[in-house]
Amino acid sequence: MAEDEISKLIEETGAFDCVECGKCTSVCPAAVYDTEFAPRLIVVKAQEGIKDDPMTKKNIWVCLTCEMCNSMCPYKVNYTGFIQGLRSMYFRRGEVPICSQGGLVHTMQRLMAKEDLKQNRLGWVDDDIKISKDKGEVLLFTGCAYQLGTIFDDRAAFLRDVPKSAVKILNAAGVTPVVLEDEVCCGHDLLWVGDEDSFLKLMDKNIERIKATGVKKVVFTCPECFRTFDVDYQDFSEDLPFEMVHISEFVKDAIDDGKLKLRNIDKKVTYHDSCRLGKHMGIYDPPREVLSAVPGLEMIEMERSREKATCCGVNAWANCEENGKKMQIDRLKEAKGTGAESMLTFCPKCEIHFRCATHNKVPVPIEDVDIEVEDFTNLIAKALEDGE
Amino acid sequence: MTEKVGAVLVIGGGPAGIQASLDLAEMGLKVYLLDERTTIGGNMARLDKTFPTNDCSMCILSPKLVAAGRHPNIQLIMNAEVKGITGEPGNFKVRMKRYATYVDETKCTGCGVCAEHCPIEGVNEFDMDLAPKRAIYIPFPQAVPLVFAIDPGLCIGCGECKQFCKADAIVYDYESEVESDLSVGAVLLAPGYDLVDPKVKTEYGYGKFPNVVSNLDFERILSASGPTAGHVIRPSDGDVPKRIAFIQCVGSRDAQTGNTYCSSYCCMAALKQAVIAKEHTEDLEAHIYFMDIRAFGKQFEEYVTRAEEEYGVHLHRNNRIANLVEDSNGDLILRYHEEAEIFEEKFDLVILSAGARPPREAKSLAKALGIKLNKFGFCETDGFTPLDSSAPGIFVCGAFSAPKDIPDSVAQASGAAGKIAGLLGEVKNTLVQPKEYPAEIDVSGQEPRIGVFVCHCGINIGGVVDVPAVMEYAKTLPGVAYAEQNLYTCSQDTQEKIKEVIEELKLNRVIVASCTPRTHEPLFRNTVREAGLNQYLFEMANIRDQCSWVHMKEPVKATEKAKTLVRMAVAKARLLEPLPVSKVQVEPSALVLGGGIAGMSAAIAIANGGYNVHIVEKSDRFGGHLNTIYHTLTGLDPQEVLEETRKEIEEDEKITVHLNSTLEQLSGYLGNFESKLSDGSTVKHGIIVVATGGLEYEPKEYMYGEDEMIIPQTELGRRLAKGEFDAKNVAVIQCVGSRNEEYPNCSRICCFTAMANALRIKKEHPETSVYVLYRDIRTFGFAEEYYNEAARAGVLFVRWDPESPPVVTKENGQIVIRVTEQFIEDEIVIKPDLVVLNAGVRANPDNEELAKMLKVPRTEEGYFLEAHMKLRPVDFATDGIFLCGLAHSPRLIWESIAMANAAAARAMTVLSKGEVESEGATSVVDADKCRGCGDCEEACEFGAARLVEVEPGVMKSQINEILCKGCGTCVATCCNRAITLRHFRSEQIMQMIQAALDLEGKT
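Chains as they are written, first to last, in numbering that gives the first Met the number 0: chain A, 0 to 387; chain B, 0 to 1002.
I should point out that these hints are in silico values taken from the structure, not numbers from a laboratory. Hints are all accurate, no fakes.
Using 20 Å as the maximum straight-line C-alpha spacing, the simulated SDA-like pairs for lysine to any residue come out as follows: (1) Lys7(A) / Lys761(B); (2) Lys267(A) / Ala292(A); (3) Lys207(B) / Arg303(A).
Derived list of chain B stretches under chain A, where covered just means 3 residues or more per stretch with a C-beta under 8 Å from a C-beta of chain A: (4) 243-257; (5) 312-320; (6) 327-339; (7) 792-798.
Listed below are several chain B residues computed to face chain A (Cβ distance under 8 Å; list not exhaustive): (8) Met290; (9) Glu820; (10) Phe822.
Given the structure is predicted, the values throughout are model-derived calculations rather than measurements. C-beta atoms are modelled at their ideal positions from N, C-alpha and C, and glycine is treated no differently.
With the hints as extra help, turn the sequences into a complete structure.
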């Protein structure tokens, strides 16, 4: 590995500021279960230029990139960015992680990066909803929820409803969104396993196609797509000429402006801040404000919420193993412990991973963890007032 | 030019403001000491104990509070703030605003009856809101001024206090705020610091988890006079904590809060708190989680070792705790990373070591006075002038210019006083007049005629003790000619009454039975002097603290005890004798030993104050160690300053230069020294400043001297300055000859030097790699920024453990350093073309001989030992001798300069008086009984007892009454009972004991 690449990474992520205090490591959810892993050691070793390359593959792939470390660092070092950079270097050297599902999801995404791909992206659109395929003010970036819902139909089939739910919400607020026929995956997972080349191809396609529509605003349901556009696309290319909002922000504003009314749902719920929407993008309040606007809905916070929320245990399909499962079980226990009937979240990955944890055998009594995992966007769609 | 004003406004009444006020007042300047609070003492008054001596904070501070409170040249202006300034240095008009306390300070006697009857309870900010206070209150019992104040936010105006105040001190209809102007020649800023609010670090749950407290909260919990009366208990359930943790760097070294500086004191404070907590609870387990342990002060490192080895305090290096989780029991769980493992620990109580932030009034002060603040909001100062604010005539000291601990603050305070004395030297004694007393009445041969004044102290004493009965009883005692009772014996009208009675009834002894001599004896002594009696014909009986307070539930027994105390006082009074106070003229000149930057700065400051100075330098050139330093961390060139200072020394007519010269013989004492110098001259001088500096350690380790590629840091500095640096790969080894068995302490300056050199290399030779091999980085205060900058510039920091230090070898012509990075537990191999040894500081070996001549103590490492490590950093216990710079301990350049100014100021408090007075109550030797053993000389801390050869072969002890403090140690030491302490003579004490045992009162 080229030393100047590391130096550049140290500079870009502010890692030179690391004073080796260890806050990142003591708060790291991965380090709790895997004591060989320590964010600060990765940075310090890289800084010291240790020759025998102690950054074993295991180490950097163990990172969940949840940014708990970033949020705690007294010197604002971007550890997660550091890991991302290292992963790209490793990937270029051909050192790739073992991914779950035999790398199926990555393969699907790489396929989309190819020039000659013809996909049926809008198979879920029906007459109940109004969309535009080319021009408009607002674009809905649907992401891979539909595809994931298909791949994981045994545990998260409800994901297939998410894009349609999103359009329903937009329609209810008086918006006919543009939805692209040739939208491709945002590239999040490829970027986070270090495959920068494929990621850049996907990025270019998406940016070019969205720019062509002339929209002023892009709405996302998936926290990963949202982060990838807002942070990574703008890092790797240039400032994008459209506003990017998360659907929770959109709904909150629409409610505030009187454009959207939600009907009664009698239910106790709790909310899981996914790392991308929470720690990465700092969106904590809008989802909570939306929930409080649903009459009859009782929201019970988990002890570890907002910036303290724990991780779903897997990042970019690269580290699905026993520690991830422990994290999922712990989180589900916490959610169940609130007395809520369901745990809401926006992130399809979180939903799949949590569902997966209880899909087969669990090491604890099932009644401790059998809380419903529900998609937030789907819930809002259900709460739309009839006739709108 | 406008006329200068011989007065100074000191803003802030913490230890720095108090010290500066006392020094200025002693130099003959009028002082206005202004504070936002209703009492002086600052944050130090809140502390339980102080490092590194574990002295009780209040015990050492309280005498200073009292001294400032009763000094005739100091006027306290409490509950006030500054609004604006006009004029110029030497003659300012300062606009100030005072907020009403609704209590007449001239009438309030501090008895406390008002607070007893106040029905309203709020929280006491002084006790960090952990204890209650009434709406009319004093924040702590030792408060100075001892004047109650009404908190307008709490008071409901019910009138209870007014009804019960016998002194009629409560005035509800004061204007709530009054503005007025002060005329002063200079302003000194000493507003100190405030604590970072730990709530901003939400991850620690301060304010949410009851068992998470701040370091200042914990001081109050440890304090015997605190909210828990010194019982270490935790807030949630009052249980005694058995496992406590300290989390360091809360709001320091933290970019999230913007406070990227180091607060300098928290490491030592946490160690001290851990040690003291263990003294409270023997089986307590204390853990400290920190990054670097910053024990850079004098003998601090030894304190760390003691805490770890003797007290078993657990230190967790490189560990800042990320967050705390509370369990259902109120215990706190934290996680940390050590030896490649994550540990989870549960604690009963967690203390957050909150750092310093600028005092809350910083912005308004800056606006009112037109001074600049730095980017953190502290007062801006320049590299070599740490005591000057950005506005001429406005000076600064203490934590307001950068977080620092108490001795550094106190040294700066005296230093600033010295600078002000330079500005206002010509107008000293223009606004203060020495007090004139009538000629003393000769009472020799008279029978005792004792007057006894018994105080009710409102109902503070009278509510428990039967004061009329005590008075009547006093009348029956032999020798008592008169007795009366007073509502408040300390009130102004009673002082007049006492004087009248002395005159009318020809009283020749006076006793006041009231409160404590600590606060009130000087007042009454002054009264009897005004009536023409010698002040030692006065005696006090403390029937408040020892009777009405401690026996408040047993009035009959309290009254009996009061009678006994009065009987004892009378017994002693019968034997009181007038004690003369001897005076000696002070030779108004100074001898400064050492011509480094400290000695030169001290000499110039004293000369600026208007006194002649002899400066003695051993070598042929001024500048000392500074001659070898070419750049500082802040990028300044010391050679420029050195050149200017040298020129000043040479051109100042008041300074006589003695180069190539040393002190050969010293005689005399405070005010009257005579020195023979090796250049043949004999010098008379009133005081001595010791500024003999230190040396750079010559390494024995790391192959030093065996290869020209291995050099000390001064050589690196020289090469960089002279353009002779051409290395491509530099390894800098820290702590060479410091923090080891031979020399246990930290040399303080080496981390600064390392950063300065590393940054210069990176700036001028960006392609050169720099490794700094360190144990702890100790860039305290704002220097932390340079550590960050060095890291950013690509300097690589490798931490090593003292168990496995770096190994330097030469292999095939190549220097190779192998070092185990403590943190990643892996060996790193560096092949440098230049190895820089950051060699520590050593005490000047000449100190040994000099200490014998001066009869002053040294530390084990050979530095001179000051009178008190916390509050008297530049004084020796022996009066008239002062110290500064590296003679004291390793210092940075600007610290040495500030300290030199401090030593100069302390010296000028003596020189400005013209004469010094002795205590009357001093020891005296009966030469017939003295066998010349010398035990007294050894025991005397103040250098007052000396063995003198009175005839060939016959040694006798002589006690210099000017130097004697009357402590009595020599009396107790003398095996032959040859020494008597006047005013506490054995027969006086015996009479008191007999009186105490004789219940009939007939002795």
